[in-house]
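Engineer: Chains as they are written, first to last, in the numbering used here: chain A, 1285 to 1658; chain B, 1285 to 1658; chain C, 1285 to 1658; chain D, 1285 to 1658.
A portion of the hints provided could be inaccurate.
Given that identical chains are not distinguished, each listed pair holds provided it fits within a single copy or across any two copies.
Stated by the list, open to error - Keeping only pairs whose Cα atoms sit at most 20 Å apart, straight-line, the calculated DMTMM-like set for lysine to aspartate or glutamate is:
1) Lys1525 to Asp1586
2) Lys1525 to Asp1578
3) Lys1525 to Asp1542
4) Lys1525 to Asp1553
5) Lys1525 to Asp1541
6) Lys1525 to Glu1585
No wet-lab data here; the hints were simulated from the structure. On a predicted model such as this, the values are computed, not experimentally measured, just so you know.
Number of protein chains: 4
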Amino acid sequence: MPATTTDGSRPQRARLGVAVIGAGYWGPNLIRNFAGLGTVDLRWVCDRDVDRARGALVGRSGVRVTDSIDDVLNDPAVGAVAIATPAATHAPIARRCLDAGRHVLSEKPLACSTLDGEALVELADRRDLVLMCDHTYCYSTAVQYLHDLIASGEAGDLQYLDSVRINLGIVQPDVDVFWDLGPHDLSILDYILPADCRPVSVAAQSADPLGVGRACIGYVTLQLANGAIAHLHLNWLSPTKARTLVTSGSRLMAVWDDLAPAQRISVYDRGASLGAGDDRSSRHAALVSYRLGDMRAPALEDREALATMVTEFVDAIGSGRAPLTDGRSGVRILRLLEAIPDSLALGGAAVLLDDRAAPHRDQVETVVQNGRER
Amino acid sequence: MPATTTDGSRPQRARLGVAVIGAGYWGPNLIRNFAGLGTVDLRWVCDRDVDRARGALVGRSGVRVTDSIDDVLNDPAVGAVAIATPAATHAPIARRCLDAGRHVLSEKPLACSTLDGEALVELADRRDLVLMCDHTYCYSTAVQYLHDLIASGEAGDLQYLDSVRINLGIVQPDVDVFWDLGPHDLSILDYILPADCRPVSVAAQSADPLGVGRACIGYVTLQLANGAIAHLHLNWLSPTKARTLVTSGSRLMAVWDDLAPAQRISVYDRGASLGAGDDRSSRHAALVSYRLGDMRAPALEDREALATMVTEFVDAIGSGRAPLTDGRSGVRILRLLEAIPDSLALGGAAVLLDDRAAPHRDQVETVVQNGRER
Amino acid sequence: MPATTTDGSRPQRARLGVAVIGAGYWGPNLIRNFAGLGTVDLRWVCDRDVDRARGALVGRSGVRVTDSIDDVLNDPAVGAVAIATPAATHAPIARRCLDAGRHVLSEKPLACSTLDGEALVELADRRDLVLMCDHTYCYSTAVQYLHDLIASGEAGDLQYLDSVRINLGIVQPDVDVFWDLGPHDLSILDYILPADCRPVSVAAQSADPLGVGRACIGYVTLQLANGAIAHLHLNWLSPTKARTLVTSGSRLMAVWDDLAPAQRISVYDRGASLGAGDDRSSRHAALVSYRLGDMRAPALEDREALATMVTEFVDAIGSGRAPLTDGRSGVRILRLLEAIPDSLALGGAAVLLDDRAAPHRDQVETVVQNGRER
Amino acid sequence: MPATTTDGSRPQRARLGVAVIGAGYWGPNLIRNFAGLGTVDLRWVCDRDVDRARGALVGRSGVRVTDSIDDVLNDPAVGAVAIATPAATHAPIARRCLDAGRHVLSEKPLACSTLDGEALVELADRRDLVLMCDHTYCYSTAVQYLHDLIASGEAGDLQYLDSVRINLGIVQPDVDVFWDLGPHDLSILDYILPADCRPVSVAAQSADPLGVGRACIGYVTLQLANGAIAHLHLNWLSPTKARTLVTSGSRLMAVWDDLAPAQRISVYDRGASLGAGDDRSSRHAALVSYRLGDMRAPALEDREALATMVTEFVDAIGSGRAPLTDGRSGVRILRLLEAIPDSLALGGAAVLLDDRAAPHRDQVETVVQNGRER
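Isolated chain A (complex conformation):
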């Protein structure tokens, strides 16, 4: 892969050549952040609408514009491609780029199905290329703080996570509320949940009170391996806007409110613990009392998550390691998203994920099945 080869004697050539495909809603943010990285040479912006591509450059010089992905892939100096096109095109474009030996950063979702996502992961592995998902929230200082709180053991055993992501918004024409808003929360959970707390089942409820043919309101429940629970409220029809995540551990409980710039994270030193009665045998009858403790709101550095994300992409390429939100995390999220309609079809019954992960699965295996002649 000449594109990523570095040559000590010619430091200019050492910079990673990058192309951004898609200059719509998200592309300009990628352009701005790649352009801000000294270690990268932003070479192309590709969009079906060349004028839009040019507009996204706001006068930056030295970046070429095209409506052809071939132009991008024919440039040997391009080592990595960032994809910010409509969701249905992510996987096909990623495949072309990987086939052409380029590292790939894909906007969420990685693909429209788990199978397609797995194929991309396999292809990237075979070609020894970086495949990364742009799960931007995972690179925010707030989510990284939550991650560390759990990973360090400070928070104690996880008890529950409750996420609310609601607002009065536009009903998307092509996806339902689960695919529109869910990837944000699912990627955050995928990042902060430790290995022993992975989701084992997915249950969902939804409503389409406008009769538009897709869910506008969705609730998702994940049972976690350690007995904890995670719950999402996703809603396009809410009069109020909220972006909160409660992460409750046996020692610390954290509330993340992404709309409260002055107090984004509040960590409560409160916990529920079993009564200290001497009758240890009657555990089930024990009362639980709560401890009151101090709250702290850590000062979080004010930096853009997207800048950290593109840096991670470039670093992963440079060191040949998997990035934090690699293709595998993208596949795990697809697996969760695909389980949702299965649960809905079962009246909201929890769908086991283990069965779904099995390689040759003929049919949807669920915790409940059949007998659905209503």
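With chain A's structure known, arrange chains B, C and D on it following the hints.
Structural biologist: Only chains B, C and D this time, still in chain A's reference frame:
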């Protein structure tokens, strides 16, 4: 029923004689409110612990204290009994009182099972007595405002209701979080939902991350007859306290925040509506845009819900009509509560309520059944 | 003083006999708290309206009721008197009680003038009696936390204090907004300000936009001895209610919001500091940058300030020491309150307190006395 | 003035030629907004630092860059100049532009002294040119809503205004907190106060607890002609950030919270009114009771104030009328700012504005000038 007979020539005897049974947590509030009613003669406070009964009177004179329900029922001047004893005793005590020809006000829940509740309703009907549930929240000015907003048609078609009732509290020794906190929300919904929006199914998810043997965190989803959805979040382990209900209609959306005394109800004149495109045939592809409008926070009268509730009880007795929150509403709530463990046993699948209401039901009928060999 | 004599052999008689004079708005709270103290024998409630006195007892036995202060003072078992009568009567009643050899707890204000207050202090000193002001806020856990934050040096050098005490309320018929609301804030400042930060001058602005003949809106500025500033906003006409105090030190800044039960105190580890430039000579040109740090909200014990206050009164009597909010603090507050109309008469110019404290002051001395011919 | 001449037959030339002088903090915002106006031909950006000027253009074509004001003024197609240079240079640059027959938009403050500001006004009048101050806040939808609420009479008689503009910020090297933050609030008041509520006096208090040689904390009180009061709290050292303005009228009270995007304006239908007692003679003894009413939060259009401001500038030029925030309003604000140090020198005594406005004023006239021998 001499107790409720009124005699125009002797107006003093016209006052309804009342007894309160149970002087624990809730009883003193009933005592205070009945004592404050000029139309009532509070005659007895009955509690196993006579000292507690006396203490609950805080020096009020003219009220007798006893530990025997017989004393109460042997007093012909007692026309009505209010029950505020532990939950398991509500139904047996109510039955004794109804059998003895007394009107009954019962703390929630009305009984521990739908069958027991139905038997009480039938008994009260047969004896032509008032049987009322103390669903206090329904008598708050906030809930009455919400009720009127819906009943008048102002709010438009209901789209969804989302309730959050969470705090860091004591894990109850005898009931789970559904039976502890759920009756509040379910009785509120029972009151404000119009006849064409009644729940048709119940689904639930729960967690017991402390391993205390009962749910400490619960999520309940009700599918409503008109296609809308209602969702409850009930939680004993939350670091923050919340008491909110969003009631979203096609015209108005209301947020009730019971912990915001200065702005308890916010009514948003915002709605989501189908795009006004001319292509009416492609309804499913239609985008929904939102309208922005004013918000208003009505000034709510500052009166105690419990005072309104006891007044309703006395008025219903006086006029021989069913009270707002009669025994039937209590039974409807029991039916919802009883469906929760059935749904949990099915992995969270929605349990149809119609089947449950059938008179001779041998087994739990659900939207999904069997095949549960996990 | 037989009333406070303790007799080891007859422990029952060791309890301090207490009388409460005034059973209106505040008296019942004093009655409840004295009655809750095991070390005290509440003997009398005295009010012009004997029925009101009786009502305030809500059935407590063993407490006598009277409309005559003589009855109270003729009871040798009464060692201490708490006064909760209208403001104008505080000083005369306190004088009678002190003259009769009783310890005195007075509701704020201690008197209607500094001179009257000083006379009470002198009388109490001469008779070796405790004279205490019921500055209840000083005994709240929040204010005690603020006090300790400053006294321990943790907060650093004080920079400014800003208090807002506003609401939509009743315009008092006898006092202006300064005398109605000001004593709360002034007593809090008197308690938490260290000796080197005492007020040196008082300035005030006011408005009477309703034309009722007294200030309904008031602003008070205190220049403190160390160069810091304290400012009060007092307002009867505000659409919103606020009870906040910002206490800003060079190391820590604390915000007390008395209406936020879940986060009453927030301590910010932020400070402003002079630029670290080496050019120390150009100090005035130095930029100040701010440091960002964590915030913490300490868990405050949930106890009633009034209970702590009456305990302090009884303890001070028992140990013969001055209470925390003694008569001298009451006089200091009167001195501040009396300076307000003087400043108003001067268009809001700051009035020096040192001069005011001088015994024979002929005229108002202000900081602007001289050199006004610019 | 050829620059503003319009020629119907050559519509291209009808567009107003505009130059922006100063490309530092504020200039780029002006550039972006003028460039967005179809009716304007943005021709020059002028800055001492030509690279900065070029950077501010972010690739916009057809705009020339220079470090010489002469280049700008020698271009006959330039009809109007917007000045966003350091404060001390506003007046000299504005004078050059007016002398050269160009309309002028000046960033606040208009000048560093009232005299300089008045000279500019006079010059613009003489040359029949538009002189406008960029008081951006006055063009926000929130302030315009407040203005209309008062101007329409809906709010009733003004009672008080209370503004808080505080944050933890950088201590400016050249101005104190009054000149840094005060112009925002003073220009808002100048815009929304009706003619009969103009300020009649200014009083101020300040502190410099860091010893940096200028006020970091400031309080300003304006007595208004109708007996109402306006008060500003300006603060560079606050741990919390606030941008609120309470505007209280006899009928409506409005709270503007510029940091609450979802509820920027709250209008309370509460008022204080004199008691309805029949004894009109005893007005001063009357109690005031408050009425409780609904609150409403109007939906405010989401548009940029700056865009409205530049449109107003262009419209005023086109129609030959005075703009909303003309030079005269700039002078009124300078007059208020200049009174602040005078009041500070007098210990905070109110300084009368009428006297200050007199042409030949020898000395500071204050409300407390006479009659101080009380």
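Engineer: Taking the hints in turn, state whether each one holds.
Structural biologist: Consistency of the hints with the structure:
Taking identical chains as interchangeable, the C-alpha atoms of Lys1525 and Asp1586 lie at most 20 Å apart only when they sit on different chains, with a minimum of 16 Å there against 22 Å within one chain. Taking the shortest Cα distances, Lys1525 and Asp1578 sit within 20 Å of each other only across copies (16 Å), while inside one copy they are farther apart (28 Å). Taking identical chains as interchangeable, the C-alpha atoms of Lys1525 and Asp1542 lie at most 20 Å apart whether they share a chain (11 Å) or sit on different chains (17 Å). Only between protomers do Lys1525 and Asp1553 lie at most 20 Å apart by alpha-carbon distance; the minimum there is 15 Å, versus 27 Å within a single protomer.
Within a single copy, Lys1525 and Asp1541 get their C-alpha atoms as close as 11 Å, and across copies as close as 15 Å, so both meet the 20 Å cut-off. Taking identical chains as interchangeable, the C-alpha atoms of Lys1525 and Glu1585 lie at most 20 Å apart only when they sit on different chains, with a minimum of 17 Å there against 24 Å within one chain.
The structure meets every hint from the earlier list without exception.
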